[in-house]
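Go ahead and model the full structure; you've got the sequences and the hints to work with.
Each chain, written out:
Number of protein chains: 2
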Amino acid sequence: MISPDLIIDKCDFLCVHEDAVQEVLSSMPADEKLYDLAELFKVFGDSTRIKILYALFERELCVCDISNLLGLSQTAVSHQLRILKANKLVKSRRSGKIVFYALDDDHVYKIIDCGMEHINE
Amino acid sequence: MISPDLIIDKCDFLCVHEDAVQEVLSSMPADEKLYDLAELFKVFGDSTRIKILYALFERELCVCDISNLLGLSQTAVSHQLRILKANKLVKSRRSGKIVFYALDDDHVYKIIDCGMEHINE
DNA sequence: TTATCATATGAATAGATGTTCATATGTTCA
DNA sequence: TGAACATATGAACATCTATTCATATGATAA
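Top to bottom, those sequences are chains A and B. Going letter by letter, the first sequence gives residues 1 to 121 in our numbering. Going letter by letter, the second sequence gives residues 122 to 242 in our numbering.
Calculated from the structure, these hints are not laboratory results. As the structure is a computational prediction, the values presented were derived from the model and not from experiment. Every clue listed holds true.
Keeping only pairs whose Cα atoms sit at most 27 Å apart, straight-line, the calculated DSSO-like set for lysine-lysine is:
hint, chain 1, residue 1, chain 2, residue 2
1, B, Lys154, A, Lys88
2, A, Lys33, B, Lys231
3, B, Lys154, A, Lys42
4, B, Lys163, B, Lys209
5, B, Lys212, A, Lys33
6, B, Lys206, A, Lys33
Covered by chain B, per the in silico footprint, the following chain A stretches (three or more residues, Cβ under 8 Å):
hint, segment
7, 23-29
8, 32-38
9, 43-50
10, 57-64
11, 110-119
Derived DEER-like restraints, expressed as beta-carbon distance ranges:
hint, chain 1, residue 1, chain 2, residue 2, range
12, B, Lys154, A, Lys88, 19 to 27 Å
13, A, Asp19, B, Glu144, 51 to 59 Å
14, B, Glu144, A, Tyr35, 32 to 40 Å
15, B, Glu139, A, Lys85, 26 to 34 Å
16, B, Arg215, A, Arg59, 46 to 54 Å
17, A, Tyr35, B, Ala223, 19 to 27 Å
18, B, Asp227, A, Gln22, 22 to 30 Å
All residues carry an ideal CB built from backbone N, CA and C; glycine is no exception.
Written as structure tokens, this is what we have:
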């Protein structure tokens, strides 16, 4: 993946030791995985979406509720819910005119909790 | 925080029930916390930074090593390390010309693991 | 059917962000 | 001291993204 030519005539700490290079590289997930992981965290990296997820911690809510609770426009909420749903973090069910959203994954709690722990240090 | 005027003449599910509104709002951390949390996840929301963190899972590395291992420019890596350090996810120590970076927080593992679990479903 | 309400969607815009380029800082060695 | 190396930093640029506005879809009730 990394040609030896690339890592010559540079700093000589790890670069010239092929086994050390392999040790690090072999433990890395595939590029695609890492990209997907970053994409997932990107979803959590917006305060509007974080607020929506927190609101849904308590109970399922319709779009209108979320808008009113958080003081956001209906359109903005709808756009963000679309992103959350695409990433399987929330699910929806329709009840007449109203669409209810709820958390779709236990990992949401865990991920946010881990982040909070770091924040609260 | 949310005036009653705002939540009148809208959908009448949760909005008109003040106690339900309070139930959701009272469980929400302060806005500032939620903003900080989003900022933290934003740091994880970039594949370059994710790759750097993964590389540091194995061992401490200097900037040059990271550049070579990941096939990134020295400048790009340096900029990203700055962000990671500002968020207390990595720490650095200087040894002569070389600056070594290492993970600074056990939460990094946990957060990334949680994300990976979600990805691998 | 028609009016109204709840939600979704597309386009446009403004703001944020990652990389590159050029260059500065800091360290070692001759 | 000066040259070479490792890293850091600032500015510029291109890309991405969240919100808004306008409008469409879907459902209910009169």
